[in-house]
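The whole structure should be built from the sequences, with the hints applied where relevant.
Protein chains in written order, with numbering that gives the first Met the number 0: chain U, 0 to 239; chain W, 0 to 239; chain E, 0 to 239; chain C, 0 to 239; chain Z, 0 to 239; chain G, 0 to 239.
Do not rely on the hints blindly, as some may be mistaken.
Think about it this way: if two alpha-carbon atoms lie no more than 25 Å apart in a straight line, the pair counts; the simulated DMTMM-like pairs of lysine to aspartate or glutamate are [said to hold, decoys possible]:
1) W:221 / U:155
2) Z:221 / Z:58
3) Z:221 / G:169
4) C:221 / C:66
5) E:231 / W:151
6) E:231 / W:185
7) C:221 / E:171
8) G:221 / G:58
9) W:231 / E:151
10) G:221 / G:62
11) C:231 / Z:58
Just so you know, the hints here were simulated from the structure itself, not pulled from any lab data.
Number of protein chains: 6
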Amino acid sequence: MRILLVNPNSTMSMTETIRASAQRVVLAQTVLVARTVAGSPASIEGHADEARAVPGLLDTIRDAEAEGAQATVIACFDDPGLGAAREVARGPVLGICQAGVQVATTIAARFSIVTTLPRSVPIIEDLVDAYGATRQCRRVRSVNLPVLALEEDPSEAFARLRNEIRRSAEEDGAEAVLLGCAGMAEMCLALQAETGIPVIDGVTAAVKLAEAMVGGGFATAKAGSYAFPRQKTAPAHCSA
Amino acid sequence: MRILLVNPNSTMSMTETIRASAQRVVLAQTVLVARTVAGSPASIEGHADEARAVPGLLDTIRDAEAEGAQATVIACFDDPGLGAAREVARGPVLGICQAGVQVATTIAARFSIVTTLPRSVPIIEDLVDAYGATRQCRRVRSVNLPVLALEEDPSEAFARLRNEIRRSAEEDGAEAVLLGCAGMAEMCLALQAETGIPVIDGVTAAVKLAEAMVGGGFATAKAGSYAFPRQKTAPAHCSA
Amino acid sequence: MRILLVNPNSTMSMTETIRASAQRVVLAQTVLVARTVAGSPASIEGHADEARAVPGLLDTIRDAEAEGAQATVIACFDDPGLGAAREVARGPVLGICQAGVQVATTIAARFSIVTTLPRSVPIIEDLVDAYGATRQCRRVRSVNLPVLALEEDPSEAFARLRNEIRRSAEEDGAEAVLLGCAGMAEMCLALQAETGIPVIDGVTAAVKLAEAMVGGGFATAKAGSYAFPRQKTAPAHCSA
Amino acid sequence: MRILLVNPNSTMSMTETIRASAQRVVLAQTVLVARTVAGSPASIEGHADEARAVPGLLDTIRDAEAEGAQATVIACFDDPGLGAAREVARGPVLGICQAGVQVATTIAARFSIVTTLPRSVPIIEDLVDAYGATRQCRRVRSVNLPVLALEEDPSEAFARLRNEIRRSAEEDGAEAVLLGCAGMAEMCLALQAETGIPVIDGVTAAVKLAEAMVGGGFATAKAGSYAFPRQKTAPAHCSA
Amino acid sequence: MRILLVNPNSTMSMTETIRASAQRVVLAQTVLVARTVAGSPASIEGHADEARAVPGLLDTIRDAEAEGAQATVIACFDDPGLGAAREVARGPVLGICQAGVQVATTIAARFSIVTTLPRSVPIIEDLVDAYGATRQCRRVRSVNLPVLALEEDPSEAFARLRNEIRRSAEEDGAEAVLLGCAGMAEMCLALQAETGIPVIDGVTAAVKLAEAMVGGGFATAKAGSYAFPRQKTAPAHCSA
Amino acid sequence: MRILLVNPNSTMSMTETIRASAQRVVLAQTVLVARTVAGSPASIEGHADEARAVPGLLDTIRDAEAEGAQATVIACFDDPGLGAAREVARGPVLGICQAGVQVATTIAARFSIVTTLPRSVPIIEDLVDAYGATRQCRRVRSVNLPVLALEEDPSEAFARLRNEIRRSAEEDGAEAVLLGCAGMAEMCLALQAETGIPVIDGVTAAVKLAEAMVGGGFATAKAGSYAFPRQKTAPAHCSA
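Here is the structure:
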């Protein structure tokens, strides 16, 4: 089974970290193809960063499917371009926020999410609402660090994450905590070990669900709103 | 990997049908343990049937975990006893409605559900609402046949299912259809082939997600509302 | 008028406390029939306890109706088996959570609920959501005591309840407080007197609404999803 | 027990019809005080009619409480002035829409409402939504007759109501039907008898719940947003 | 363009303050017609005050349209009589709460509201919910001052408003703050200047949207539930 | 006042049509700057088309603000890149769907939307839900024509639009109809004239609201999640 794991930002070291985390949990028969989106922002922190990343992301998915990828995991917690990706893909497309929320609502009645910057909080809240888990999600918290600080100062990031995870349990009544950034994947096990609280990494969730989707024969429905984009002839007076 | 597949009703032939469907999609390393709940109703058609089935279901899960089961799939579309099962289990517990809804919302923007009797329609609508997919679920339809008719008159059942699946696409704008009864599992591929519409079997969905959960290291959160039931000393004047 | 007041747990002293509270408010013409569910857990603290109690509860209701009961009150705040009870009953069935919420939304624009253990908080939140009162219910609080502590250490329980009721008004802006356990019924008046805040006991609410339903000629609708469970012939290969 | 039954419109014959219907179901100890709001529109068909009726309605409630009324029923299905009435009243105030919805969600999993004019449909839908029963209420239908036609051409009104009640069951899957106008009260039993479907009259519902509220000791919470209106000194430059 | 700006309460000095604030932002071609509702309460603090104000408000709107008003702004944050006003008016009717919420959701992902008395908090929360902005509105706060204190002790009111606006940003994560009373209009710019947080005055919002509606040719839809109230012949036995 | 009217697709003739419609309603002092997004798809029909259009859209907005634009209207009914645009812009950004919904909920209690292709229906439903108007929006209909057919076969498009608008009133109970594509702007007045039903063009709505926002001094809140995107130094190993 061949699964595309695509990091929408252009930071290759982050792609490698994510890939390594995912590699630990895939089936023996799974080939993980990790890709970085060329030309996208160094990190995804807001709608505009997402928007700059998505066209390259769509090309990456199209190319990877042409080379045999059977499923796609978009490794950014904002699930950038998820709907668009489902239009261009034939196989199932998993967002790590949606997949993480599905796992969270399967193992816990109430959970919290911990993300990087405060500006991502409303974006994630809106995603959680669109995925129908507002009642189950107690709170979206932030550690007030930019995404790349996870790589640049991992011990500070770890300490803040640990602190917010503990507060999620104590103050929010969260029974599990979902990590709100793909870059946190490698810290997941240590955070769970130190806090004693179930911690969910969305990358792990999405990669395992991607295998499940392929194994179950589930592919994107192509007859409705996720149909392939229509090829349009440029009009005579097209500006491009 | 050892997965319990439990049929909450007492019809052993249905357990066997469900097991056979599931067996086709599991990983080579998965051992499926299929169980029928002794003493429960012959089929689950409403809340009271559910209630009669759940105590035996909980015992079955507890016993199966003691014998090494790492995950549980409850093979009835009403997801009977799902919360209770998560309290008694250590591993993840998958309901075929919740799992089916998760798959449906991953592959389609809008879907419909087709179940057996009209009396199950509000029950399933309420589940879909609790799982946060009311906006995505266009309609819950019924073929107006009891559960056991799926076994007793499969050609009539198949014809009615095919008809409702087509109407789901034409009238509801459904992009995929979720089968609303575990007993429909074996008809899934043929229904998809005949209608050309993606048809999702909740048993397949749940079994594959169960494997994913175990593979990803996700177990039920045991520190909050899914904690094991407290052992209570019977009071002096207990009636039992 | 004959009303069944059924305590789903097996603690007979609690049944008696509940009965005594209810007796104070019933009409002269009402005969309260109090029943304890034999063989159920000593207290209902979570979904699994509920599940263990419901089959006996259904039998109790069926028997009581056969003996002339015209309405049923399920005296546990989780409203265990409410849908199932409506399927087996001909008369109206009142849950003390649903009835309490109906009274609360009639007398106050915003209210809070105070229950026993933290593990019941998500269960009650989900009920309140299903009953459509999420906007009106400010918060579900817990006194962090098991159900039977209400009997075993009533002064400690009273002190904690008084404290949470006051916090409901001060911190939540609650205009009334709904007691989140049948076992708190006898403390209701004293709590209201000490705090000066309207305190609603769900047992009182449900018993009075049960009388109203009977008096108004309202019985459970038996033609739809609350129809009596179908009698099913056990299949040839039934496991039971 | 003294209960105010107030008809917000100025049609005295309708007040009498409503009173007679209510009288049939009250307890022996209940004294029904029926009042018509002087100076209000002849019927309530829309927000503006409501607005014209409410000031007189509030005066009527204040006066009736001064004369000993312990609870109030507002006998118009738009529940006009319900919040305002709760501010001026000490006793509980029941709206027939809210009460009817409470009864409907107690006896049926799904119900429909049948009202008079199409223009009232969105108003009632919004009320049902505010009362948290949108999921349970399948549809709000209208017979396309003005309110007073219920008196002027009762056989035509009856025929149309019967027709819409039947369609509620057949097309909507409604398990019970709630009458959406106080003026339909006297037809309730005959409609139920002819259709075989449980039909709920909101006046009956509200009057019985009013008795229950008084019997249970439940009064309007007066410390929060339902506190009595503040007496305000007219400012120096007041226009009035 | 002629726009009616109607203050539902009877405090003429407040009308003048509101008019002066609005005058600063209207187009050169706009004629603002400010009106006070004669005979209404001195301030609107709750549902009963609203109810007392609305009949006069409707008359004011009808008269103003007869004199050429093309749009109406109801200058009270409870949006009293908004639906009724749309029935009696031909031109568009803007409520300052609805208009303020529309502006807030256009310029910010999350906002809070600051109103006068705590008793208005649930009323405003319910409006925000009806306008579909519950997710975007972080919190409705109060400065715990009556409406007329804005005029009587403006420095105290200003200090409290400034404090709550700052807390909205710090504690709620609000990105903008909506003032929850028409009487706060003149403090808006100073509050924004002192706090550095975008502060929205609903009167400004509504007046500018009213101009936009007229300019865009948008008038109230008169064929449905906002149709003019039917003229009804008083019945023979009418009480009035 | 300088307002950017940007057509996200690359069809310049459509930009001109939209501009001409908008020009008819702007204030004398408004300078409309119409722009086509170079390099984007010829029409926006789905998420992938949106994604391809947004980066160029953001550049267009940034450039236009540098040249003095005080507000932006995105003239595509999917509101593509609305959040991202608010991050890069200082002035207010209006989407024609959000603006159209705001106008619709101001003039009508219930409305329907008519768009081009069926694949856009779920996208628009999700937007309406995010804007909080699901209850007010009766139905999203499609004329089953691609976007560019509005230009290529306008009489067929007009006939189908007229038909769906009439059905919106008759079948849905819509009191007004919102056109679900910027390319329908020029047909709006004729459709309203022929059907007698209020028809709302989102371009008109958004342009007029943009003027109102500027006139009222309302700009995008830049301190929270709509802050300008952070400038990020490309990491050493960046792939781009």
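Earlier hints that do not hold, by number = Of the numbered hints given earlier, the structure breaks just one, which is hint 1.
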